[in-house]
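K.L.:
Residue numbers (this note's numbering), protein chains in the order written: chain V, 1 to 111; chain Z, 112 to 228.
If you're looking for bench data, these hints aren't it; they were derived computationally from the structure. Please note that the accuracy of each hint is not assured.
In silico EDC-like cross-links for lysine to aspartate or glutamate, where the CA-CA straight-line distance does not exceed 16 angstroms [what the hints assert, rightly or not]:
id : chain 1 : residue 1 : chain 2 : residue 2
1  : Z       : K125      : Z       : E170
2  : V       : K2        : V       : D94
3  : V       : K98       : Z       : E170
4  : V       : K2        : Z       : E170
Next come the chains, spelled out residue by residue.
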Amino acid sequence: QKEVEQNSGPLSVPEGAIASLNCTYSDRGSQSFFWYRQYSGKSPELIMSIYSNGDKEDGRFTAQLNKASQYVSLLIRDSQPSDSATYLCAAAMDSSYKLIFGSGTSLLVRP
Amino acid sequence: GAVVSQHPSRVICKSGTSVKIECRSLDFQATTMFWYRQFPKQSLMLMATSNEGSKATYEQGVEKDKFLINHASLTLSTLTVTSAHPEDSSFYICSARSSGEHQETQYFGPGTRLLVL
Chain V
1 QKEVEQNSGP
11 LSVPEGAIAS
21 LNCTYSDRGS
31 QSFFWYRQYS
41 GKSPELIMSI
51 YSNGDKEDGR
61 FTAQLNKASQ
71 YVSLLIRDSQ
81 PSDSATYLCA
91 AAMDSSYKLI
101 FGSGTSLLVR
111 P
Chain Z
112 GAVVSQHPSR
122 VICKSGTSVK
132 IECRSLDFQA
142 TTMFWYRQFP
152 KQSLMLMATS
162 NEGSKATYEQ
172 GVEKDKFLIN
182 HASLTLSTLT
192 VTSAHPEDSS
202 FYICSARSSG
212 EHQETQYFGP
222 GTRLLVL
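Between the sequences and the hints, there should be enough to build the whole structure, so can you do that?
P.N.:
This is the structure in structure tokens:
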């Protein structure tokens, strides 16, 4: 069974620190990976997508992909209290375009 | 760009009635739309994949006769919860993927919170 694993947390960091969120996936055939942010009671919001090995930066966010280790991470620099949310990692399956979601990591940024 | 809307945002109904939820892609054509359900403190659960002009594909354990999906156009998909019961109370979220570059990307609607009394 194809899976995406995340530590449920909560991950607690002080304001201004770097938050590091990690994700592993089981299907070596997965080519596309996504990080979504979900605030309580709201629907997921796309933060980053990554398709190639290495780093991809967008503002305070950096996604990292290592296909050999089947590992995806999201770094949030200069964390703000408004970043407090659940972060969902997802991997795209084959040609069906389905996404397999991890269970999410809860992030708390302390003022 | 890539805006997806859902209507209604919240609905309360009596047990045994049917509820229709609409999902629209506002600024792009959505080849495929997906319907998810999320219970409190749990992750998203994919219910079905909806392709324009064809029958929806349901995930294992999801009753296709209870959750009717229609994808009549490239910008609209509907989910009808038939004969709703209290256990169907949940947060229903649709997503859409475009036919352009990076077709794997899904954009989510704001969700519909269903409460069945």
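K.L.:
The structure should be examined with respect to each hint, and the outcome stated for every one.
P.N.:
Going through the hints against the structure:
no. : hint            : in the structure
1   : K125/Z - E170/Z : violated, 26 angstroms
2   : K2/V - D94/V    : holds, 11 angstroms
3   : K98/V - E170/Z  : holds, 11 angstroms
4   : K2/V - E170/Z   : holds, 14 angstroms
In this structure, only the earlier hint numbered 1 is contradicted, and the remaining ones agree with it.
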